[in-house]
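Peer 1: Chain by chain, the residues run as shown.
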Amino acid sequence: MSRPAHLLTPASSAWPADVDPQRLHDLVAQVLERARAAGADAAEAGLTADSGLSVNVRLGEVDTLEYHRDKGLGVTLYFGRRKGSASTTDFSPRAIAETVAAAADIARYTSEDPCAGLPDAADLAREIPDLDLYHAWDLDADAAIALARECEAAALGFDARITNSEGATLDTHGGYRVYGNTHGFLAGYASSRHSLSCTVIGEEDGAMQRDYWYTVARHPEDLEPAEAVGRHAARRTVRRLGARSMTTGRMPVLFAPEVARGLVGHFLRAINGHALYRKASFLLDHLGRPVFPDWLDMDERPHLPRALGSAPFDNEGVATRSRHLVEGGVLKGYVLDSYSARRLGLHTTGNAGGTHNVFVGDSGLDFDGLLEKMGDGLLVTELMGQGVNPVTGDYSRGAAGFRIENGAIAGPVHEITIAGNLRDMYRGIVATGTDYDRRGNVITGSILVGEMTVAGR
Amino acid sequence: MSAPALDIARRVLLEPGGVDDGALQRTLDRIMGRAVDRADLYFQTVRHESWSLEDGIVREGSHGIDQGVGARAIAGEKTGFAYSDEIVAPALERAAEAARAIARSGGEGRIQAWRSVPGHDLYLPEDPLASLPAADKVALLRRVDQAARSADPRVSQVFVSLAGVHEVILVVDTEGTLAADVRPLVRLNVTVIAEQGGRREQGSAGGGGRFGYGWFLEDDRAGGFAREAVRQALVNLEAGEAPAGTMDVVLGPGWPGVLLHEAVGHGLEGDFNRKGSSAFAGRLGERVASPLCTVVDDGTLEHRRGSLNVDDEGVPTSRTVLIENGVLKGYMQDRLNARLMGMAPTGNGRRESYAHLPMPRMTNTFMLPGAHDPQEIIASVQRGLYAVNFGGGQVDITSGKFVFSACEAYLIENGRVTRPVKGATLVGNGPDVLTRVTMVGNDLQLDTGIGTCGKEGQSVPVGVGQPTLKVEGLTVGGTAH
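Chains as they are written, first to last, in this note's numbering: chain U, 16 to 472; chain Z, 307 to 787.
Calculated from the structure, these hints are not laboratory results. Quick caveat: nothing in here was measured; it's all calculated off a predicted structure. Glycine included, every Cβ here is placed at the ideal spot set by N, Cα and C. All clues stand as given, with none of them false.
Not everything, but these chain Z residues come out facing chain U in the computed CB check (under 8 angstroms): (1) 781; (2) 782; (3) 784.
Some chain Z residues well away from chain U (every beta-carbon gap over 10 angstroms; in silico): (4) 314; (5) 321; (6) 430; (7) 433; (8) 436; (9) 483; (10) 491; (11) 503; (12) 517; (13) 524; (14) 526; (15) 529; (16) 622; (17) 677.
So the derived label-pair ranges between C-beta atoms look like this: (18) Z:411 - U:218: 33 to 43 angstroms; (19) Z:609 - U:262: 46 to 56 angstroms; (20) Z:721 - U:347: 51 to 61 angstroms; (21) U:120 - Z:779: 51 to 61 angstroms; (22) U:127 - Z:625: 49 to 59 angstroms; (23) Z:382 - U:347: 50 to 60 angstroms.
Working from the sequences, and respecting the hints, build out all of it.
Peer 2: The structure is reproduced here in structure tokens:
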């Protein structure tokens, strides 16, 4: 094949010192050339190179110091409507030749699939916006250890009931990603991710509890201070001491932001094209129909600078775009890549690999306002287990949190379950909070569900 | 195993990059030039493939190679770690240099002469990817699809996947260990969706172990998995609301042993007990279960998914008694935690890959059989739940609270299994739940080879098992109240 028609790199972006973007772009271009030479009608290849440092400090001493350096390359070849894929961590010419050959060999045995193939050329990103996703952290091992130590010390000194620790972990990573296909698309960008977390153990009346807190950002200056992370982790642990079960019954349930994110995640998986064409979703045929209460909006914003879920293009080079997923409670769009879109007779939404920064609109109340609105019920701060049936929406998970009486926290609870059906839970949302948690790809405040079954004693 | 596995490992891992014993020696010497207590190098290559079928066509296939070497240095309780995906002398030296940064300069640790570790012979050093021609793998997927579709007209969707892994490892340390293992692993899974009157439910089944793909063809095992998945989906089409609240629960044999994995297994891993973060810490010799309960972790079962000839630190796996007649007897250990606790390693040092640090992990964890006929156990329950299949589980080892989620369950009313109920999560307290086991069946089964355990971001294959059990007073998370 010919050289790619255009090579796209964001103009002003930086990249890690140990990465040579040109070399990585060339490597992907060579893989695509080899794919053509192997007789493929079309091909696509993705490459990542990532390095970083991770330290864990426990009870003031270094527990582990880890240096990370990972790379990988994956390629898919299309022969007509048959395809085969292969991957390698070895970028030597011999390994790359073998990888392309392995993909070609597999394609001899897979079936004709009329929907298989590259995305339409018209959907590919034409320019790569600089989303400000890469910021190196000039931090050596000693400085990383010092920060982790400061974080854990703040947690250990917070309260006499904090008796033990799983430590504080500082993690800093930077990397570069390239994607190319035989439509002539070839583009890459750098990104970074830095985090600091702390987990401590408290003890009261012979019973132990643990909890944690973390901060994560693209830019080190956006991280919470180490001491604040430690104190917050300790505060969360201490408030769980003395937890008990509670009486079985039906009641309102308030999902704190760190678990509300998961509730939204189940929705995003249910409207994913792959679940839909497989008829493995409890939200089949819901496009244009109400799923949430009529005041609730949900948006996808892929181009937010520095945000953790931002991406200029998706995993098949398709341009990402801001859009409404839910407007006035009504489902406005599915989450589609080009394959699932073809299966459903729809158009890709630029979501190969998932969604990018999903925002859940709030109904105007802050956290205290939500407690007040709930009156009596359960605040959930931790969920356990996988008890969600994606086909039926049946939901039953282990939980821990707090009994709420007259709009105030009355005491910690654990060894309970909360259960319902996600369709009813979504329609039964009473309020969403302004207490946004921005540490992930789903950005939401607390979510108050009108009624669920809580099982305990 | 040792001789052929070691020969294969040298040929596959060391020779292509020209790494000889001298290079290994120099690398370990370099690490021990600091105040380091011990160090090891872990070489690994993994070739893996997967094939998947949906809508009656083999839609995807993939093949991958991942290889590299991890260098670890331990000084007291501190661990330094670095790795490389190139197995050549300069990369080894760079990894060693980074790993030893954990310790002060000025040490002069000695390296013991290597002795090859005699590991077990639990599976053949074979390459499962080469155990069946590609055309036959594809034909196997199609046969499973056909078996599921012909089992019942209500089956509307069938997904089948087939995966194989060929892993070769070699570990060498400063205390004289030289060990290798060649580990085949295969897995087949089938998921179906059945429809009836506008209602849709799914069922899932599968299995595998440490052998070639031929195992799926014996006795029509693959077809059996297809029929089992259909049976579950059809049961769930009839399922009503699950009960909510605390009640007696009878757990079926085999995979429901995920109870043991979550309730006691993780809490008995050495690292959590050394650090005092487990609800079981400091309780060796105490009663933690009813006298009916004896629980073991056994990495020496032939061909099992959780079995290993040697663990990832070169220690032969063993059968470790965790709980004997209700009394806590032992922890699962890797070398680091065993040394720090003054105990012997138990062959439970495992890691996801060369790019991850080893830690104490389970192998195959199960409860030994008791005296009761399973029917007798069910007949003893007035009102309760009979749970025979599960999705997965999770535990908070510090509070001891654990969950596991049933995906096939029935009501027991007046000593009889009456009607199916929807999946529900069960919650309990690890140090307490086995004290409420009041009957243990005589029907011990191990799972079919489907388990994967996640801990601190690392996944490893494991096995579980148990006989039919009656547990009094578990919390069941249904919606019917």
